[in-house]
Amino acid sequence: SAVISQKPSRDICQRGTSLTIQCQVDSQVTMMFWYRQQPGQSLTLIATANQGSEATYESGFVIDKFPISRPNLTFSTLTVSNMSPEDSSIYLCSVGTEDYEQYFGPGTRLTVT
Amino acid sequence: QQQVKQSPQSLIVQKGGIPIINCAYENTAFDYFPWYQQFPGKGPALLIAIRPDVSEKKEGRFTISFNKSAKQFSLHIMDSQPGDSATYFCAAGPRDTGNQFYFGTGTSLTVIP
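Residue numbers (the working numbering), protein chains in the order written: chain A, 36 to 148; chain B, -19 to 93.
In case anyone wonders, no lab produced these hints; they're calculated from the structure. Mixed in with the good hints, there may be bad ones.
As the list claims (entries may be wrong) - Example chain B residues on the side facing chain A (calculated, C-beta under 10 angstroms, incomplete):
#, residue
1, VAL(-16)
2, GLN(-14)
3, TYR12
4, GLY23
5, ALA25
6, LEU26
7, ALA29
8, LYS38
9, THR67
10, GLY73
11, GLY84
Stated by the list, open to error - Anything over 10 angstroms on all C-beta distances counts as not near chain A; from chain B, calculated:
#, residue
12, SER(-13)
13, ILE(-8)
14, PRO32
15, VAL34
16, GLU36
17, GLY40
18, ARG41
19, THR43
20, PHE46
21, LYS51
22, GLN52
23, MET58
24, GLN61
25, ARG75
26, GLN80
27, THR85
To be verified - Below, simulated EDC-like cross-link-like pairs (lysine to aspartate or glutamate); rule was C-alpha separation at most 20 angstroms, straight line:
#, chain 1, residue 1, chain 2, residue 2
28, B, LYS37, A, ASP134
29, B, LYS22, B, ASP64
30, A, LYS100, A, ASP122
31, B, LYS38, A, ASP61
32, B, LYS22, A, ASP134
33, B, LYS22, A, ASP61
Positions of the beta carbon are idealized from the N, C-alpha and C atoms, including for glycine.
The shape of chain B in the complex, shown without the other chains (with noise of 0.2 angstroms):
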């Protein structure tokens, strides 16, 4: 069983637009949700982060929206750029398991220049 559904596959945006990537979970334990950017060839690359006190959280032009209620979380990426071109995944976990993560299957993100 799938613990985190991520969607969509894929997403192709024009520079400058805002794509959004979904996440939601089932496990109420998890309360620690990283976002990562993977390029070919690299390992994923810790993104930003959230934890279920806040609703929202920013670093730079990448934001996670978080709903508790509704068990959902997204990463808006402002003013997009061909070098945001990636594949991101989506995590969830409880910390009490000391970082023991279930990764969403992936968004494939092109950024047309």
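Next comes chain A alone, as it looks inside the complex (with noise of 0.2 angstroms):
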């Protein structure tokens, strides 16, 4: 397995403003994901941070509201732009094994005022 952290685990914004939200992984790994949770709700995959090229984004998901980097194999970055109230939900990462098994980070609760 895979140990993940992300950071901030929390934050509260105001609406308009951007947060980024960081990915750490102990290991090199090829795959890495960025989910959404809305509070009670399943997971939603919003995009596969590949390393050296731009994000892979799922339907209902664009570049330019949840920017991604990722920079080497062991880190991403997911940013929020300009943030409404509707972005008020729990982001995660998590990162894929060669085994096809998916871990997660702690996840990120963000509040949008």
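Assembly of the complex is requested from the two constituent chains, each provided in isolation within its own frame, with the hints serving as guidance.
Structural data, given as structure tokens:
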């Protein structure tokens, strides 16, 4: 398994601002993902963070709103841009292993006022 | 369209009981089926996973049953304990997309002492 940390663990932000969430893994991984989990809901994949190339976004998510960086095999960031209250959610990063297992970080709880 | 359907939404059992959570999928390309356990304020933790070449997998008190022809799989928790109270998510995905999973809607399990 992989040990994954996220920063910040939670934040309260004003409408119209942006927040960058960091995800750090304790070992090199090929696959990194970003998910959103709204309170009491399931997990929705935002995008796959590709090392050295642009992220691959799922339907309904766009790069201008959720820019992602993946500078190396242990680190990624997700920015939530021009936030609105509807962006209040838990944002999770995850990593995939060669055995197709997927491990999640502890999440970042975002509240937009 | 929900790729993975999960039921029930919530479940209450007495300590020692055997809660069963069911999931169904439609996409025959799916060939990896993990279950995740999530406690409040934490990220989902991989519990157990199965591939379609077996019909059952046990790890400790947790068992996955898999029915390929019916496209269904279920989680059984033997001798349930109050510490098992959590939300459980099933997931499914094709291994050739590099860990891209589709998650069920979650089951909130409460084990009464």
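Checked hints:
no. : hint                  : in the structure
1   : VAL(-16)              : holds, 9 angstroms
2   : GLN(-14)              : holds, 8 angstroms
3   : TYR12                 : holds, 5 angstroms
4   : GLY23                 : holds, 4 angstroms
5   : ALA25                 : holds, 7 angstroms
6   : LEU26                 : holds, 6 angstroms
7   : ALA29                 : holds, 7 angstroms
8   : LYS38                 : violated, 17 angstroms
9   : THR67                 : holds, 9 angstroms
10  : GLY73                 : holds, 8 angstroms
11  : GLY84                 : holds, 7 angstroms
12  : SER(-13)              : holds, 13 angstroms
13  : ILE(-8)               : holds, 17 angstroms
14  : PRO32                 : holds, 13 angstroms
15  : VAL34                 : holds, 15 angstroms
16  : GLU36                 : holds, 19 angstroms
17  : GLY40                 : holds, 16 angstroms
18  : ARG41                 : holds, 20 angstroms
19  : THR43                 : holds, 18 angstroms
20  : PHE46                 : holds, 15 angstroms
21  : LYS51                 : holds, 19 angstroms
22  : GLN52                 : holds, 18 angstroms
23  : MET58                 : holds, 23 angstroms
24  : GLN61                 : holds, 23 angstroms
25  : ARG75                 : violated, 5 angstroms
26  : GLN80                 : violated, 7 angstroms
27  : THR85                 : violated, 5 angstroms
28  : LYS37(B) x ASP134(A)  : holds, 16 angstroms
29  : LYS22(B) x ASP64(B)   : holds, 14 angstroms
30  : LYS100(A) x ASP122(A) : holds, 10 angstroms
31  : LYS38(B) x ASP61(A)   : violated, 29 angstroms
32  : LYS22(B) x ASP134(A)  : violated, 23 angstroms
33  : LYS22(B) x ASP61(A)   : holds, 18 angstroms
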